[in-house]
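J.: Residues in the sequence shown are numbered from 1 upward in steps of one, following this note's numbering.
What the hints contain is simulated information worked out from the structure, not anything from laboratory work. Treat the hints with care, since some could be wrong.
[Unchecked claim] Listed next, with one range per pair, are the computed distances between beta-carbon atoms:
no., residue 1, residue 2, range
1, Ala336, Thr305, 25 to 33 Å
2, Leu229, Ala312, 30 to 38 Å
3, Thr71, His501, 35 to 43 Å
4, Asp226, Ser417, 53 to 61 Å
5, Ser267, Ser372, 34 to 42 Å
6, Thr305, Asp211, 22 to 30 Å
[Stated by the list, open to error] Quick list of in silico lysine-lysine cross-link-like pairs, DSSO-like style, CA-CA up to 30 Å:
no., residue 1, residue 2
7, Lys315, Lys172
8, Lys259, Lys272
9, Lys315, Lys272
10, Lys272, Lys172
11, Lys70, Lys505
12, Lys259, Lys315
13, Lys70, Lys315
Backbone N, C-alpha and C define an ideal beta-carbon position, used for all residues, glycine too.
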Amino acid sequence: MNDESRIPKQRAPQDPLQPIDRRSFVRWTTLAAASALTVGADSVSAEMRSWAGSDGDASSGIPATLSIQKTRVADSVILDSAFASLSFEKSSINRSPVYLSGDNTDLIGLLNALGGGVLRIGANSVDETTWTPDGEGQISGQVAPSDITNFASLIRRCPLWKVIYGVNFRGKDGSTASPTLAAGEAAYAAEHLGRQLLGFEIGNEPDLYGDGLTYDIFLNGGMLSDGTLISGWNQFADAIRSSVPRAIFTGPAASSDSKGWAEDFASSETGKIVLLTEHYYISNYSSAAPSISGMLTYPSPHLVTALQNLQAAAKANSVPFRIDECNSYFSSKNPAGVSNAFAAALWAIDFIFTNAQYGSSGLNFHNTGNTSGYAAIGETSSVVTAVQPLYYGLFFVSQIFAEGTRGVLLESTLTVSGVALTAFVVDSESGTYVVLNNKDTTNAATVTITGFRPFAFRATVTTLASSGSTPSEQLSNLGIYNGGSAITFGEQPVALDGRWHGNSKELPVFGESLTVTVAAATATLIHIR
Numbered sequence: 001m002n003d004e005s006r007i008p009k010q011r012a013p014q015d016p017l018q019p020i021d022r023r024s025f026v027r028w029t030t031l032a033a034a035s036a037l038t039v040g041a042d043s044v045s046a047e048m049r050s051w052a053g054s055d056g057d058a059s060s061g062i063p064a065t066l067s068i069q070k071t072r073v074a075d076s077v078i079l080d081s082a083f084a085s086l087s088f089e090k091s092s093i094n095r096s097p098v099y100l101s102g103d104n105t106d107l108i109g110l111l112n113a114l115g116g117g118v119l120r121i122g123a124n125s126v127d128e129t130t131w132t133p134d135g136e137g138q139i140s141g142q143v144a145p146s147d148i149t150n151f152a153s154l155i156r157r158c159p160l161w162k163v164i165y166g167v168n169f170r171g172k173d174g175s176t177a178s179p180t181l182a183a184g185e186a187a188y189a190a191e192h193l194g195r196q197l198l199g200f201e202i203g204n205e206p207d208l209y210g211d212g213l214t215y216d217i218f219l220n221g222g223m224l225s226d227g228t229l230i231s232g233w234n235q236f237a238d239a240i241r242s243s244v245p246r247a248i249f250t251g252p253a254a255s256s257d258s259k260g261w262a263e264d265f266a267s268s269e270t271g272k273i274v275l276l277t278e279h280y281y282i283s284n285y286s287s288a289a290p291s292i293s294g295m296l297t298y299p300s301p302h303l304v305t306a307l308q309n310l311q312a313a314a315k316a317n318s319v320p321f322r323i324d325e326c327n328s329y330f331s332s333k334n335p336a337g338v339s340n341a342f343a344a345a346l347w348a349i350d351f352i353f354t355n356a357q358y359g360s361s362g363l364n365f366h367n368t369g370n371t372s373g374y375a376a377i378g379e380t381s382s383v384v385t386a387v388q389p390l391y392y393g394l395f396f397v398s399q400i401f402a403e404g405t406r407g408v409l410l411e412s413t414l415t416v417s418g419v420a421l422t423a424f425v426v427d428s429e430s431g432t433y434v435v436l437n438n439k440d441t442t443n444a445a446t447v448t449i450t451g452f453r454p455f456a457f458r459a460t461v462t463t464l465a466s467s468g469s470t471p472s473e474q475l476s477n478l479g480i481y482n483g484g485s486a487i488t489f490g491e492q493p494v495a496l497d498g499r500w501h502g503n504s505k506e507l508p509v510f511g512e513s514l515t516v517t518v519a520a521a522t523a524t525l526i527h528i529r
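Go ahead and model the full structure; you've got the sequences and the hints to work with.
T.: Structure below.
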């Protein structure tokens with residue numbers, strides 16, 4: 001890649017207390033052109049280019065080939081550390097003891113260990129939380145100025161993170177919502193979050209509100225089936241814009257693709273939103289009990305369809321889209337050992353790159369903190385208590401974008417039979433990254449990779465692995481914080497404060513071909529430069 005086509009690094013904002021403007025937002029999320037690579041075709045003997053993976057024998061797995069193409073995946077975005085991020089409940093902001101604050105050094109460490117991101121505050125509890133400008137703070141069902149101040153202190157210590165901030169629309173469970181209250185809360189949030197405020201989100205999953213709330217009533221207000229008269233999304237947006245003149249909006253945070261709310265919103269609100277948002281859970285499309293095999297099914301036809309529909313709507317209306325709340329199985333505590341098992345890390349890797357393949361500008365894994373469910377970061381009484389398996393999936397991907405590096409997803413062709421292997425390739429200014437994700441319960445795969453950058457002279461291999469005597473046991477391992485055994489990346493775990501001292505194995509490169517064996521129930525990250 002020549003100097004003119006190198007992808008610029010993401011930088012921390014120079015002044016984190018100045019609100020981000022619409023032009024900056026669009027520049028930050030827009031689709032960018034990719035640069036082409038020049039690929040040669042030298043060959044070298046298998047003895048010179050083969051390297052063993054975690055099982056120590058380059059010929060022990062089922063043979064596979066990965067051919068890297070010169071072109072970027074069509075309509076995909078520039079990727080960076082913000083692509084795979086986190087979502088939190090609005091109720092996390094008013095917790096007692098304080099959870100989201102600048103004093104929570106472990107949480108700050110885990111967020112910063114991911115490099116940067118978009119932290120979305122919203123979900124179900126956003127419509128159950130009343131802005132209380134005279135409140136004392138840390139009271140359930142309320143958001144007071146001190147709650148936002150505490151949250152802002154956390155965000156300032158995570159300078160490469162931005163915020164999608166949700167406000168109450170529906171007024172559920174005894175809470176109060178109005179355009180006036182939303183405007184007051186938005187003004188205070190904008191003042192204290194500054195340039196780290198990415199945008200406002202009004203309400204959550206409006207397609208599930210019920211009470212006769214139609215799409216038109218959601219947009220413009222009207223009478224519900226119980227006789228209640230409510231204001232619409234547009235009235236809320238106008239009120240917020242009156243108190244925050246440069247306010248920008250995301251939405252509609254629809255629950256799923258089934259009713260097309262997000263697609264309609266992209267069309268009807270063209271020019272009013274800068275990010276189209278929708279949610280995704282496996283459970284939305286499956287009534288079957290959660291299972292590891294169900295979770296690891298790839299590709300998921302429902303996910304692909306949802307992404308294709310969003311991609312078409314986003315493209316037609318010139319607005320990027322984001323899955324700003326997602327996870328595997330919601331409320332999946334029964335049976336236990338699915339969403340909180342090591343398999344969730346491997347699922348997350350596939351999920352992240354499938355989003356990238358279909359033009360998503362990013363995604364936010366919802367984080368409840370409950371270690372028996374799908375949380376990435378476990379906590380008890382506002383204290384971080386677990387680095388969950390899901391976190392390792394995000395951490396794995398984040399290493400591609402370390403130190404602000406950005407990249408593009410390249411076309412590639414994986415040829416394999418008899419093993420549940422997926423492969424993804426990212427080209428960045430620091431080299432080519434190859435992701436090999438083996439979800440098989442029996443077979444290793446020996447993969448010969450061709451078509452990476454010419455004149456590459458070095459490669460490193462880092463493996464995400466779980467403990468257990470069999471691949472099935474490894475996939476179901478809950479990790480050391482939940483009564484299981486060790487999960488490691490580069491042979492080392494991630495500490496509760498985000499510290500990691502993993503090891504990468506050197507892989508000499510001769511010509512433009514190399515071979516690596518990927519054990520069952522592991523994922524391998526290969527960095528070629």
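J.: Can you confirm whether the C-alpha distance between Lys70 and Lys505 stays at or below 30 Å?
T.: 27 Å, holds
J.: For the pair we were handed, Lys259 and Lys272, check the Cα-Cα distance against 30 Å.
T.: 21 Å, holds
J.: CB of Thr71 to CB of His501, is that within 35 to 43 Å?
T.: 37 Å, holds
J.: Does Lys172 lie within 30 Å of Lys272 when you go C-alpha to C-alpha?
T.: Roughly 26 Å separates the two Cα atoms, so the pair holds.
J.: Evaluate the given range 34 to 42 Å for the C-beta pair formed by Ser267 and Ser372.
T.: 40 Å, holds
J.: Has the hinted range 30 to 38 Å been met by the Cβ atoms of Leu229 and Ala312?
T.: For Ala312 against Leu229, whose Cβ atoms are near 35 Å apart, the range 30 to 38 Å holds.
J.: Quick one: are Asp226 and Ser417 within 53 to 61 Å, going by C-beta?
T.: 58 Å, holds
J.: Has the given pair, Lys315 with Lys272, been kept, meaning a C-alpha gap of at most 30 Å?
T.: Distance ~16 Å between Lys315 and Lys272 Cα, so the pair holds.
J.: For the hint 25 to 33 Å, verify it against the beta carbon of Ala336 and that of Thr305.
T.: 30 Å, holds
J.: Against the 30 Å threshold, does the CA-CA distance of Lys259 and Lys315 hold or violate the hint?
T.: Holds - the C-alpha atoms of Lys315 and Lys259 are around 19 Å apart, at most 30 Å.
J.: Hint check: Lys315 vs Lys172, CA-CA at most 30 Å. Holds or violated?
T.: Distance of about 34 Å is beyond 30 Å: violated.
J.: Regarding the pair Lys70 and Lys315, is the alpha-carbon distance no greater than 30 Å?
T.: 24 Å, holds
In the structure shown, a violation is registered for the earlier hint numbered 7 alone.
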